[in-house]
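Student: So the protein lines, in turn, are chains G and A.
Under our numbering, read the first sequence as residues 1 to 315, first letter to last.
Under our numbering, read the second sequence as residues 316 to 598, first letter to last.
A hint or two may mislead.
As the list claims (entries may be wrong) - Some but not every residue of chain A turned toward chain G, in silico, with C-beta under 7 angstroms:
| no. | residue |
| --- | --- |
| 1 | LEU344 |
| 2 | TRP350 |
| 3 | PHE409 |
| 4 | ALA442 |
| 5 | GLY446 |
| 6 | PHE457 |
| 7 | GLY488 |
| 8 | TRP562 |
Quick caveat, the hints were computed from the structure, so don't treat them as lab data.
Just so it is clear, CB atoms sit at the ideal spot from N, CA and C, and this is done for glycine as well.
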Amino acid sequence: MTANAPTQPPTAPPVARKKVRGIEGARAWQAFWLLLPTLIAIVLVAGFPLYRTIFFSVQEANLTTPGQATFIGFQNFWFTTAEGIGLGFMQDPQWWTAVRNTLTFTVFSVALETVFGMIIALVVNSAFPGRAFLRTAMLVPWAIPTVVSAQMWAYMYNDSFGLIGQGLLGGQALLADSSTAIWAMIAVDVWKTTSFMALLILAGLQSLPGDMYEAADMDGATKWTQFWRMTLPLLRPALLVALVFRSLDALRVFDIMYVMLGANVAASTSMTGYARQQLIDNQLLGTGSAVSVAIFIIIMAIVVIYVTAFRVKFD
Amino acid sequence: MYLKRTNPTLFYIQRILFYALVIVITLYLLLPFGWAVLTSFRKATDLFLPPLQFALAPTTLDNYTQVFANASFRRGLFFSTVVAVGAVAISLLFGSFAAYALGRFRFKGKQFIMYIILAVSVFPQIAVLGGLFTLITRFNLFDNPLGLMVSYLIFTIPFTVWVLTSFVRDIPGELEEAALVDGASPLQTLFLILFPVMMPALVTTGLLAFINAWNEYLFALTFMSTNRTVPVVIANYSGASQFDQPWGPIMAASIVVTIPLITLVLIFQRNIVSGLTAGAVKG
Numbered sequence: 001m002t003a004n005a006p007t008q009p010p011t012a013p014p015v016a017r018k019k020v021r022g023i024e025g026a027r028a029w030q031a032f033w034l035l036l037p038t039l040i041a042i043v044l045v046a047g048f049p050l051y052r053t054i055f056f057s058v059q060e061a062n063l064t065t066p067g068q069a070t071f072i073g074f075q076n077f078w079f080t081t082a083e084g085i086g087l088g089f090m091q092d093p094q095w096w097t098a099v100r101n102t103l104t105f106t107v108f109s110v111a112l113e114t115v116f117g118m119i120i121a122l123v124v125n126s127a128f129p130g131r132a133f134l135r136t137a138m139l140v141p142w143a144i145p146t147v148v149s150a151q152m153w154a155y156m157y158n159d160s161f162g163l164i165g166q167g168l169l170g171g172q173a174l175l176a177d178s179s180t181a182i183w184a185m186i187a188v189d190v191w192k193t194t195s196f197m198a199l200l201i202l203a204g205l206q207s208l209p210g211d212m213y214e215a216a217d218m219d220g221a222t223k224w225t226q227f228w229r230m231t232l233p234l235l236r237p238a239l240l241v242a243l244v245f246r247s248l249d250a251l252r253v254f255d256i257m258y259v260m261l262g263a264n265v266a267a268s269t270s271m272t273g274y275a276r277q278q279l280i281d282n283q284l285l286g287t288g289s290a291v292s293v294a295i296f297i298i299i300m301a302i303v304v305i306y307v308t309a310f311r312v313k314f315d
Numbered sequence: 316m317y318l319k320r321t322n323p324t325l326f327y328i329q330r331i332l333f334y335a336l337v338i339v340i341t342l343y344l345l346l347p348f349g350w351a352v353l354t355s356f357r358k359a360t361d362l363f364l365p366p367l368q369f370a371l372a373p374t375t376l377d378n379y380t381q382v383f384a385n386a387s388f389r390r391g392l393f394f395s396t397v398v399a400v401g402a403v404a405i406s407l408l409f410g411s412f413a414a415y416a417l418g419r420f421r422f423k424g425k426q427f428i429m430y431i432i433l434a435v436s437v438f439p440q441i442a443v444l445g446g447l448f449t450l451i452t453r454f455n456l457f458d459n460p461l462g463l464m465v466s467y468l469i470f471t472i473p474f475t476v477w478v479l480t481s482f483v484r485d486i487p488g489e490l491e492e493a494a495l496v497d498g499a500s501p502l503q504t505l506f507l508i509l510f511p512v513m514m515p516a517l518v519t520t521g522l523l524a525f526i527n528a529w530n531e532y533l534f535a536l537t538f539m540s541t542n543r544t545v546p547v548v549i550a551n552y553s554g555a556s557q558f559d560q561p562w563g564p565i566m567a568a569s570i571v572v573t574i575p576l577i578t579l580v581l582i583f584q585r586n587i588v589s590g591l592t593a594g595a596v597k598g
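Pulled out of the complex, with its shape left as it was, chain A reads as follows:
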C-alpha cells in the first residue's frame, strides 16, 4: 500500500503481473473443460477447423441426441446412479454408527481401529482385486450392480467413518448427556439428537463419497461386463470404425456425467472445502 505513493510505476507493474497470473491460472483451470463443452456442440466435420473458426462454427445438439439414443450410455447412467447411491447410503448408515462410537465412546482398542480404518483408506485397490474377483464370482455377483456396490465400500466406508468421526468429536457433549439422563438408548441418541446436528456433515461426506463412487473405474471395469457404469462406457465409446474416434459424442457424454457433479460441488462448495480438509483423505 505504501508502494502506491512511493513508487507508483512499480506498484502498477506488480498489479499487472498479478492479474496476468490470475488470468493464466483461470485459463489453465477452465480451458480444457471449456474446450470439451465447445466440442460437444460442434459437428464432426468441423473438428478439423483451426481453433478460432472452430469456436465460431455453427452450434449443434446432434452429439447430445446421439449420446442419449445410445442404449449402453443410458444403462450406464442408471447403473452408475444405483451403485453410487447404494454404496453411499450404506456407508453413511454404517459410518455414522462407527463415527458415534469412535467420537463419543471410550473403550480399549479405539486407536487400533482408527489406524485400521486409515490403513484401509490408503489401500491400493489392486491389492484386493484378485481376492474380490474370486469372491464376487463365487457368490454369482459378477456383472451384478450389487457386487460392485459392495466392493465400493472399501473406499467409501473408511472415508465416511474418518470424516464423520472428526465432525462428531466437535459436537458439544451436553446435547448427548441430556439425552442420556432422560434415558435414551444410544441409537435413539444417535438418530434423534445427533443426526439433526450432523446433517451438514452427512450431506458433505455423502457428496464426496458419491463423487468417488461415481468416478470409480478399476472395479467397474473388472467386475461388470455388460452392465457397465458411465466411466467405462465413456472410456469404451466407439464410433462406426475402430480408427474413427467419435470425439463429439464422447465429449457430450463426458459433459452429461460431469455437469451433475460440478453443479453439486458449486452448490455445496463451502461444505466441501471443510469436508476435504477435515478428511484430507482422497481427491
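Looking at chain G on its own, in the form it has when it is part of the complex:
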C-alpha cells in the first residue's frame, strides 16, 4: 500500500470530483431530455428521409410501389443500354442545362443582390429625412411570399398588358424565350431578396464604430477611400455569412421557375425542378433520388468551398 501511495490519488479529492461529476452528469442528462424532442423531429423529417433518398438513388424503384425496389448500383446516374441509349440522368442534356441555368441564376442574382443591398444599406445608414420610411419600405419585398412575387412579375412581364412586357419592351414575350427568361427570373429574385441582403449589411454597418470615421474625416480621407479601406474590410465577416446563405438559397431555387415557366420549362431551368419532374411527374423514384443526391452533393461541396476559402465562421 505504501509503495503505491504516490501513484494513488488522495482519497478526499476523488469524492469531491465525483460529486461534481454527479451534478454535471445530472445536468447532461437534463440537457439530453430537453434536446430529445428536437432530435427526434430532425431524425424523422431530415435524417431518415435523407437516408431513404440515398437508399433509393441506387435502386430501380417506382414512386407508387417503393416496396418493390431492386438494387442496380449507379445505373440511375450513368447507364448505357446495348443499343447505346443513355438512361442515366447524367447522360440527359436537360439535366446539364438545368445545372448551367441554376449556376447562372445563382452567380448573377447573388452578385446583384450584394451590390444593390450594399447601396441601399449605405443610403439607409446615412441620416436624412424619410430614412425611417425607407427602412420600413425595405421590409415589403422581403415579406411578400415568393409565389406571390412570381405572379406579380409574371403579370408585369405579360406581353399584352404588363408594365414591363408591354410598357417598356413594347410587347416582347420575355418568358417565352429561354435566353431572356433566365434574366427575367434573376430580376424577380434580385427584387425579392435585395432587401434581406440590405438588412444584414445595415446591421453590420451600424455595429461599426462612428469615431473611426470621424478620425478618417480629420485625416482628410474621402468617403470613397473610407468605403474601400474601412467599411468593406470590416463588413467582410457579415457579408460572407450573408453570401453563403443567399447562395445556398439561390441554388435550391424552385418556386419562381415553376410558377412563372411551368413544370416542363422549370425542369430545364432549375436543378430542383428537374429532380421534382423525375421524382413526382415521371414517378421515377430511383432516378429522382439519384438527382436529389447529386444536388445535395453539389450544395455541400459549395458550402465546403466557401467555408474553407473564406474561413467563414458561424456564431
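Given chain G, work out where chain A should sit, using these hints.
Tutor: Just chain A now, with coordinates in the frame of chain G:
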C-alpha cells in the same frame, strides 16, 4: 458639412443626386407591389389601358368578391393557417427546450449538435422530397395537413433552435441560478423564469418561422392534392379558359395573403431585424 460653405453648388448637386437615388430605391422597392394592389382594384377590361389611364380607371371590388367566393381559396386560407400555426407551435415548444439545453447546459457533443442543426437548416428540401413522400404515403398522411405540418419542421425547427439559442445565451445567468438554488426543476425554470424573459424572442422567431411556413411551396405542391395551401392555390389560379389568365383575381388573392404578413412585419419591425441578424439563416 464644410462643403456647404466652401462650395454650395457642389453641395446642392450632391444633395439632389442623393435624393434622386432615394426616390429610385423607394420606387424599386414599392412599385411592383403597388402595381399589384392597383390591378386588384381594376376591372379585367381595363387591363389593356395604357399605365396612366389604367391608374385613373374606376375602382372595383369585384376581384375581391370573386376571390372570396372561390371555395378552394377559402379552404387554402384555412389549411395554410392550420399548417403554419401548427408547425410554428411545435417548433417553438421543442425549439425552446433545445435552446435552453444548448444555451445554458454544458455537455459533451454540444458543438456536434449545433453543427447538425446548422447543416439541416441549409439542407436542400429536394434532398428529402422522395424519402418524405414515401414516408407520408406509408402513414396515409398524403393530402393531410398533419403530414405537411410535420414536413415543415425540417426548416422551422433548425431555425427556431438556432435563433432562440443565441437569445438564451444572452440572458443573464443570475435569474436561473436563483431558481436552481430554490430547488426548481429545469422545466420549471424554463417555463416560469426564462419564458417571460424570452417572450420578445419567441414572438420574433415564431413570426419569422410562420412567414417561412406560410410561403412554402415545394412540399405543399407535392404532399397535398385537394387540400391545397394558398401559395399553391394562387400559383394554379385559373380563369374561364386556359389561355385567359385572370390577373385581377390573382392579384386580389395575392394581396389577401400578403397583407397579414406585411402588417405583422411592420408591427414587429424592430424585433424582426434583430431576429434576422441573430439567426442570419433564411430570407
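Student: What hint numbers does the structure not satisfy?
Tutor: Violated: hints 6 and 7.
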